[in-house]
Amino acid sequence: MCALPPVALFIYFARLIGPVARAENLTFSYAWLPSLGINLTFHVDGLSLLFALLISGMGALVIIYSGSYLAGHPEQGIFFSYMLAFMASMLGLVLANNAILLFVFWELTSLSSYFLIGFDHHRAAARNAALQALLVTGLGGVALLAGFVLMGNIGATLEISELLFMGDAIRSHTLYLPVLVLVLAGGFTKSAQVPFHFWLPSAMEAPAPVSTYLHSATMVKAGIYLLARLSPVLSGTAIWTAIVTPFGAVTMLTGAYLALLHTDIKRILAYTTISALGMLIMLLGIGGPIAIQACLVFLLAHALYKGALFLVAGVIDHATGTRDVTRLGGLYRSMPIMAIACLIAALSSAGVPPHLGFVGKELVYKAILTEPSNTLFLGAMLLTSISFVTVAGVVAYRPFFGRLGDFPGKPHQPELSLWLGPALLAGSGLIIGIRPALVDAWLVAPAAAAIQLRPVEAELALWHGFHYSLLLTGFAFAAGIFVYSRWDSFRSVCGSLDYSARLGPARWYEWLLTGISAVARATTGFLQSGHLHFYLLIIIITAIGLIGGSLFPQSLSLDLSRWSDVRVHEFVLTVVILAATILVVRAKTLITAVVSLGVVGYGVALCFLFFSAPDLAMTQFAIESLSVVLLALVLFRLPEIERYSKTSERIRDALPALTFGGLMTVLVLTVTALSREARLSPFFAEHSYPDAKGLNVVNVILVDFRGLDTMGEITVLSIAAIGVFSLLKLFLYSKNKPEETQ
Amino acid sequence: MSSLILSAATRYLLPLLLLLSVYLLLRGHNLPGGGFVGGLVGASAFALYCLAHGVEAAKRVLRVNPRVFMAAGLLMAAVSGCLSLLVGLPFMTGLWSRDGVVVLGKIGTPAVFDLAVYLVVLGVVLTIIYSLSEE
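Chain order of the listed sequences is A and B. Take my numbering: the last position of the first sequence gets the number 1207, and nothing is skipped along the way. Take my numbering: the last position of the second sequence gets the number 175, and nothing is skipped along the way.
Calculated from the structure, these hints are not laboratory results. Do not rely on the hints blindly, as some may be mistaken.
[Stated by the list, open to error] Here are the simulated distance ranges between beta carbons: (1) A:L977 x B:V108: 45 to 53 Å; (2) A:I1012 x B:S124: 34 to 42 Å; (3) A:P1079 x B:W136: 20 to 28 Å; (4) B:W136 x A:L977: 56 to 64 Å.
The structure presented is a predicted model; accordingly, all values stated were derived computationally and were not measured. Note that the Cβ used here is the ideal one computed from N, Cα and C, for glycine as well.
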């Protein structure tokens, strides 16, 4: 049932192949935040269509497969909803035509992949792997957002289809390098390039369908999609080639090498995926029509064969209870269809004719040979091909043929829904390999045209005639088989020399995480000391800094000319308030302090009354009365006042207090010295009745002009009340509980 | 601390203070007063009763849990702000009835908002006072 949406989407996208190949413009647009240039615009062209077909097609197969793979799992429904959510975000990512929209979907894929990797949330390893993937790809996402914003500023638009034609302007801009680095950071983290590759093998904690779907066919290719999509804007410069190509090549080699050191079948596949991603990135770095074409064909081939291999790995794990290839063997007798599908897919990955993998690999060689300084890349590619051949033997030959392995489970012929996916994927790889004409004009050419912004002819052929690259393939095949025969001793020798576990990027990640936690703990410990007194000090000093900092650069004009206006009762009131304040500070008992504080409060309220602010005065009186009630309630619970602080501490507290008081005085004098036009009050007085139908300006400000502030304030009040309530109840509860049990 | 004078007086002060608080709330739009001060006066009425008769009696007089006032007030504030969205105006635009209502006069969303402030203030103060006087 759950497979219906992806199947329907696949059919829908398949019907778009014709219109896209004819280069029709298929755009959907809906205004979202037009003021910021962020719109819901979707655009279908060759590149997005290729990805959309992969996403929906693989999605359908994987969901059918998961129906059996997770049959009877209590959280199967949740799994399907995560899976479909991921598919929707991934489709959104490849179809989005607005940079910010693309970023939103980009992060949504990270989020849904977090849930999918951590699906088995009872295990700490799965949770850690999920968090690792989320943090690494999430950080890359933030970099990507920054890159998009910069690019949007340069191009004055966020629509990708418009940015694509501003390549020259962006490449010659001074901010080109930051944009490039930020976008690459996004793409490299998502597509697991060295040194960010470590999250991908860890993500193998996910169930097999997830690894198939996210970590081989779709999500990790989002980075490839991004760089391919933006290559008309960013590529073609020396810096692009100098960064992208070596990164890709190093990743390709690292993945190929590490794949040979592992025995867990899913990890082996994960490392070869990293290697393949590196190869794709390298091709994008090289650029040019042949490299682009090679990139697209190899991407398709890789999705097909790697998807099949991952699905087979899941079935093997399920049936035998182990993923360790050294313990597997002889499964051909119990699951022949699986064995054949796996063998076909593995041959495609090894680049053996007549599979699509061979077509792809030939193109890759051809692309590298066009590059002028190609010797290093050619060597890297050759080594990678050798590794791929060996890995094909390890994952496809070793588990199925030879002696029967020693494993806990009892293997049996899997049901239709489990073998359908691998068989279809491996089969289509073979069929397309024999008849490349099935895809060249319909899928590859429009996609290449979308990357190069001009119509492209793509003619794929299985047989290119005898060529230099054919020789390389043959050599790689022979060498790969040789390494396969010596695989066990190779592993033990290289495994003992492997420092990546101890000093590799995965450890950097751990150090970074512990470092961040330590810094956060230290900061929290310093700021959240638990002493109310300290909080007040920080707040007041901050306020002094902010107010003083903005006040002092300006020339102050204090209005001191109105001293003579002071009337006798005002003077008396001021003296009373000051005396009461001194009394509060010097008070020896709590009750004196409370009463003196009350005198200060009422004095201020009287001030309000004298200066015709009856609203404020009334509120102040009510507040003061309630404070007395509140203090009376808590007063007799508090211990008798003591001299808590030393004289030096009192001076330390007095300094900010007096500074703050002085600053407020200056502030008030400055404000009153302002001309009447600069103040806000006339505006409110004039607009209160016509606009808000109220004569009481204070109240109109509260409920109408600044109503949003009031809403925030009442919310804060409520939160404070809930805080008081819960703290007291919690305290009572913990105090009463022992009594109840007695 | 029971005082006969206080407990006798609060019996009459409570309704009077409550009346005053509602009066302050209603006149607030054109004359000194408003939801905030009205809520404070209303709360002090119950606080006084609480001091005189104890927290249990004060709770019985109020009948409703003060936290309900808080929630209702916040909800009312949000609703009064959202009403203008329905007619296509920005959030919290004031809407007014064209004709006056008996006693209340013209009513509009700011008045509803003021009532919401009243309820929240009443609820907050009473929640704190009741929690403190329990135990």
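Checked hints:
Look at L977 (chain A) against V108 (chain B): about 48 Å separates their beta carbons, and that is inside 45 to 53 Å. In this structure the supplied range 34 to 42 Å holds for I1012 (chain A) paired with S124 (chain B), their Cβ-Cβ distance being about 36 Å. Distance hint check: the CB atoms of P1079 (chain A) and W136 (chain B) are about 25 Å apart, consistent with the given range 20 to 28 Å. Under the hint 56 to 64 Å, the C-beta atoms of W136 (chain B) and L977 (chain A), about 58 Å apart, fit the expected range.
The structure fails none of the hints (numbered hints given earlier).
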